[in-house]
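2 protein chains.
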Amino acid sequence: MPEEVDRRGQILDAAFEEFSEKGFKGATIKSIAGAAGLQSPALIYWYFPDKETLFREVLGTKIPVLRAVRDPAGLLDLPPEEVLPTIARGYLSTFDNPAAQRMVRLIMGEAMRRPEIAEIFASAVIKRVLGFLKSYMARQIELGRLRPHDVRSSARAFIGMLLPQAGGKLFFPVIREDGLTDEEHIETAVDVFLKGLRPES
Amino acid sequence: MPEEVDRRGQILDAAFEEFSEKGFKGATIKSIAGAAGLQSPALIYWYFPDKETLFREVLGTKIPVLRAVRDPAGLLDLPPEEVLPTIARGYLSTFDNPAAQRMVRLIMGEAMRRPEIAEIFASAVIKRVLGFLKSYMARQIELGRLRPHDVRSSARAFIGMLLPQAGGKLFFPVIREDGLTDEEHIETAVDVFLKGLRPES
DNA sequence: CGCTCTTGACAGAACGTTCAATCAAGTGTA
DNA sequence: TACACTTGATTGAACGTTCTGTCAAGAGCG
Chain A
1462 MPEEVDRRGQ ILDAAFEEFS EKGFKGATIK SIAGAAGLQS PALIYWYFPD KETLFREVLG
1522 TKIPVLRAVR DPAGLLDLPP EEVLPTIARG YLSTFDNPAA QRMVRLIMGE AMRRPEIAEI
1582 FASAVIKRVL GFLKSYMARQ IELGRLRPHD VRSSARAFIG MLLPQAGGKL FFPVIREDGL
1642 TDEEHIETAV DVFLKGLRPE S
Chain B
1462 MPEEVDRRGQ ILDAAFEEFS EKGFKGATIK SIAGAAGLQS PALIYWYFPD KETLFREVLG
1522 TKIPVLRAVR DPAGLLDLPP EEVLPTIARG YLSTFDNPAA QRMVRLIMGE AMRRPEIAEI
1582 FASAVIKRVL GFLKSYMARQ IELGRLRPHD VRSSARAFIG MLLPQAGGKL FFPVIREDGL
1642 TDEEHIETAV DVFLKGLRPE S
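Same order as they appear, the protein sequences are chains A and B.
Residues in the first sequence are numbered consecutively from 1462, following my numbering.
Residues in the second sequence are numbered consecutively from 1462, following my numbering.
Heads up, a few of these hints could be off.
It does not matter which identical chain is meant; a pair holds if it fits inside one copy or across any two.
[As the list claims (entries may be wrong)] SDA-like cross-link-like pairs, simulated, lysine to any residue; straight-line CA separation at most 25 angstroms:
1) K1595 with G1640
2) K1491 with P1510
3) K1486 with R1575
4) K1656 with G1521
5) K1588 with P1576
6) K1512 with I1587
7) K1486 with L1631
8) K1588 with G1640
9) K1595 with M1569
10) K1630 with H1610
Quick caveat, the hints were computed from the structure, so don't treat them as lab data.
Please read these numbers as outputs of a predicted model, since none were measured by experiment.
With the sequences and hints as input, model every part of the structure.
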């Protein structure tokens, strides 16, 4: 294995770029080869059996970017005034990373039409995040820091409150036109959420 | 022709079906012709100059389905306990309509990669909904029914709380696995939202 | 007849993929 | 050192298919 160039990696990077920009159908073997600086598209078939496999390998190797979305069991006992803003910040800032942006675009674009791809995203990110939030809410109810309520609903609600802001970064710039910053939104949203769930006195 | 068939409409319907299922690139003129029951794909070019135009016409004629998302100025003065659940119900039930589902899938699928399409969706739906909610929240603050706060944030938060539930219907069935119904979610979410924003006493 | 609509056939391009040939760099042998 | 041989990597050309879009020739109706 001569360390001159990592062809496989080159191809994966270029394919990631092309797929995320043009979609599976839109990106062509030739355009990927071009982006990777290859002389011939045929070379791709030395490293990958076909386009479909190349696509799945791209997903497989680039998805760790999204796993960064946190799921830290250590936070379970910390108070929500502290934990929720942290999670919200980590979550929203994930989408400032261009690679993560492209990854979401890539997966979402295909997920519309290919359930298997939707499933990958759902398991890698959504299930994790919602699952953690449900556990966290349940624990905080136990501790008496939140009033009893349906945690399935509050988990959705909390992560949902952040979605339009994330959507503004990723797909719909219109949303950002009113100039609301992440920090402002987090402050207001968390405040509403917490006041809405604080124990009755 | 003895049969009074609306060829144009047939083609638009079939194209809508195919585009929403396979995307712009994935749907072919031939498959659209097949779905429309045409003998020859060439017929499509009698009614539409090219594939791109056909696609835009599909968007143009089918988008009213989404305009149904309400924006009723008449609700401005009604109390939030009444208005918010109504809006939430109307909003979530929109995605029970298969045609609307396909429309969202179609637009979202293309919006990932074509900003003009994202813009159409943004103007037709997002801007309207967020705009109305901001006005409504502002008015309710004026009336003293909600405590003063940043309405840009609360508008996002309210509609966002519903998004995961909508996402479960449209793209990520995993979300629905915990069995939370629309009605249950609306009740909890609206309750949290209102308690979180009720005027200080 | 003229006009609108419909047809099958087809051109030209682009697609994913295959293939035989080539190259640079070892490896084994004498 | 010289030479034959192997190996992994790379190439350009070509294959068969499929795509969008075109065309000339009709069919049915007023």
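Here's how the hints hold up against the structure:
For the identical chains of this complex, K1595 and G1640 are inter-copy neighbours only, at 14 angstroms across copies versus 31 angstroms inside a copy, given an alpha-carbon limit of 25 angstroms. In this assembly of identical chains, K1491 and P1510 lie within 25 angstroms of each other by CA distance solely inside one copy; the values are 15 angstroms within and 28 angstroms between copies. When the C-alpha separation of K1486 and R1575 is checked against a cutoff of 25 angstroms, the pair qualifies both within a copy, at 12 angstroms, and between copies, at 14 angstroms. When the C-alpha separation of K1656 and G1521 is checked against a cutoff of 25 angstroms, the pair qualifies neither within a copy, at 41 angstroms, nor between copies, at 43 angstroms.
With identical chains, the CA atoms of K1588 and P1576 are at most 25 angstroms apart within one copy only, with a shortest distance of 15 angstroms there and 29 angstroms across copies. In this assembly of identical chains, the alpha carbons of K1512 and I1587 never lie at most 25 angstroms apart, being 27 angstroms within a copy and 36 angstroms across copies at closest. Taking CA atoms no more than 25 angstroms apart as the test, K1486 paired with L1631 passes in both settings, with 21 angstroms inside one copy and 22 angstroms between copies. Taking the shortest Cα distances, K1588 and G1640 sit within 25 angstroms of each other only across copies (14 angstroms), while inside one copy they are farther apart (31 angstroms).
In this assembly of identical chains, the alpha carbons of K1595 and M1569 lie at most 25 angstroms apart only when taken from the same copy (24 angstroms versus 28 angstroms across copies). For the homomeric pair K1630 and H1610, the shortest alpha-carbon distance between copies (23 angstroms) is at most 25 angstroms, but the shortest distance inside one copy (32 angstroms) is not.
Checked against the numbered hints above, the structure breaks hints 4 and 6 and satisfies the rest.
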